Amino acid sequence: QQQVKQSPQSLIVQKGGISIINCAYENTAFDYFPWYQQFPGKGPALLIAIRPDVSEKKEGRFTISFNKSAKQFSLHIMDSQPGDSATYFCAASARSARQLTFGSGTQLTVLP
Amino acid sequence: KAGVTQTPRYLIKTRGQQVTLSCSPISGHRSVSWYQQTPGQGLQFLFEYFSETQRNKGNFPGRFSGRQFSNSRSEMNVSTLELGDSALYLCASSLNPSGAGELFFGEGSRLTVL
Chain A
1 QQQVKQSPQS LIVQKGGISI INCAYENTAF DYFPWYQQFP GKGPALLIAI RPDVSEKKEG
61 RFTISFNKSA KQFSLHIMDS QPGDSATYFC AASARSARQL TFGSGTQLTV LP
Chain B
1001 KAGVTQTPRY LIKTRGQQVT LSCSPISGHR SVSWYQQTPG QGLQFLFEYF SETQRNKGNF
1061 PGRFSGRQFS NSRSEMNVST LELGDSALYL CASSLNPSGA GELFFGEGSR LTVL
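Chain order of the listed sequences is A and B. Residue 64 in the working numbering is what sits at position 64 of the first sequence, and the numbering runs on without skipping anything. Numbers given in the working numbering equal positions in the second sequence, counted from 1, plus 1000.
Derived by calculation from the structure, the hints in this document are not laboratory data. Computed from a prediction, not measured in an experiment: that's the story for all the values here. Do not rely on the hints blindly, as some may be mistaken.
[Claimed, not checked] Some chain B residues near chain A, calculated using beta-carbon distances under 8 angstroms:
1. Ser-1033
2. Gly-1042
3. Glu-1052
4. Arg-1055
5. Asn-1056
6. Gly-1058
7. Glu-1082
8. Leu-1103
9. Gly-1108
10. Leu-1111
11. Val-1113
The beta-carbon is built from N, C-alpha and C at its ideal position, and this holds for glycine as well.
Okay, chain B solo, but in the shape it has when bound (with noise of 0.2 angstroms):
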């Protein structure tokens, strides 16, 4: 069974673009979240999506949003880049729910924002 997998592993950015990252989960999982990872504030929640609904968002600006499609695949997006935005960004995939069982994560898509 394929894991999670995101694209692209790896990208370079400048200030004030955007990007869009893809994460095609687990054959079956219906969940998917999205989790940044930077040394200074560790893993942090950014949102779930669930039968293409957003059901949950963490604390990040209305410049981080996301979607998913009706096959569970999800996107997520971060307009007018900053230097702050660069790190490695998780995407998780669950049968269930996101916080009532086991995430299985990618190997995310490391952003570098110059």
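Okay, chain A solo, but in the shape it has when bound (with noise of 0.2 angstroms):
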């Protein structure tokens, strides 16, 4: 119950495209649900999060979706560049768990 589960485990995209990545959690005790890049050699940094009290939030090229019913949320990454080349973690946490649960990660590539 507490797995996020995590895919694609790779996605390529074109320079200019939208990169898609989906995760869907089981535990309705969660209330965080942050979204990480990591780039070759260093740690994971902050992206975008979003709570359920709403179901989309953006941050420049970046955008949550968030479907509370569903259990799932995204990141979509409108016009894609090279440079976010990265791998990609979704989490998920509850406050009273103090600590987050990670998905598997998605290694996305953005062709030039």
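Dock the two chains into a complex; use the hints.
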């Protein structure tokens, strides 16, 4: 029940295209859903996060869509750029748990 | 403002040895969490410390331990190393308890066990 399932495992997109990464969870106690971006040799860095009281959050080219009833959330990267090539992790946490549960990661490659 | 600093960045140990990894959080952050990252298991939560007390622990054997000092710096220790302990160990700090807001990760300590 603690798992967060992420897909796809890898994604190749042309420059200017839309990248979409999906995550699903089971634990209804989760109330914080961040996305992290990780470049090789670096630690993960927070990209954008959402709480379940809203269905969508947009920051620049990055948008989280959240479907509470389906227990799913997704990351959309508009106008994808080669510099977006990285590994993306979705995560979830519950206030009481004091820990993030991460998805398995998606390796995104944006071709020039 | 300096980020999360982890030392050492790379280290090689042999089976049966022990290792201590260090983490200095962002100034003012009182919560420090540790995660293990491997290609097969991904990012897995080890433990979290807040105000020098372990507040939560993941599903790792007792060989994995940690502590936090009064200045919020943290150390984790792995005893009796096994080949499967080879991983990137990430430390993250946050203002609030780790489930409630942004975690700031360091670049990690890459441990290789031979």
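- Are B/Gly-1042 and chain A close enough, Cβ to Cβ, to be under 8 angstroms, as the hint says? Nearest chain A Cβ about 5 angstroms off; hint holds.
- Message: Is the interface hint satisfied for B/Leu-1103? The criterion is a beta-carbon contact with chain A at less than 8 angstroms.
- Response: holds (7 angstroms)
- Query: Taking 8 angstroms as the limit, does the beta-carbon of B/Leu-1111 come near enough to a beta-carbon in chain A?
  - Reply: With a closest approach of 15 angstroms, the B/Leu-1111 hint is violated.
- Query: Are B/Asn-1056 and chain A close enough, Cβ to Cβ, to be under 8 angstroms, as the hint says?
  - Reply: With a closest approach of 4 angstroms, the B/Asn-1056 hint holds.
- Status of the B/Gly-1058 interface restraint (C-beta, 8 angstroms, chain A): holds (7 angstroms)
- Item | Restraint outcome when B/Glu-1082 is required to lie within 8 angstroms of chain A by C-beta distance | With a closest approach of 23 angstroms, the B/Glu-1082 hint is violated.
- Satisfaction of the B/Gly-1108 interface hint, Cβ to chain A closer than 8 angstroms: holds (6 angstroms)
- Query: Holds or violated: is there a CB of chain A closer than 8 angstroms to the CB of B/Arg-1055?
  - Reply: Where the cut-off is 8 angstroms and the nearest Cβ of chain A is about 5 angstroms from B/Arg-1055, the hint holds.
- Query: Close enough to count: is the Cβ of B/Glu-1052 nearer than 8 angstroms to one in chain A?
  - Reply: violated (15 angstroms)
- Message: Hint B/Ser-1033 vs chain A: min CB-CB distance below 8 angstroms?
- Response: holds (7 angstroms)
- Message: B/Val-1113 was flagged as interface toward chain A. Is the shortest Cβ-Cβ separation under 8 angstroms?
- Response: At 20 angstroms from the nearest chain A Cβ, B/Val-1113 fails the 8 angstroms test, so the hint is violated.
Violation of the numbered hints given earlier is confined to hints 3, 7, 10 and 11; the remaining hints are satisfied by the structure.
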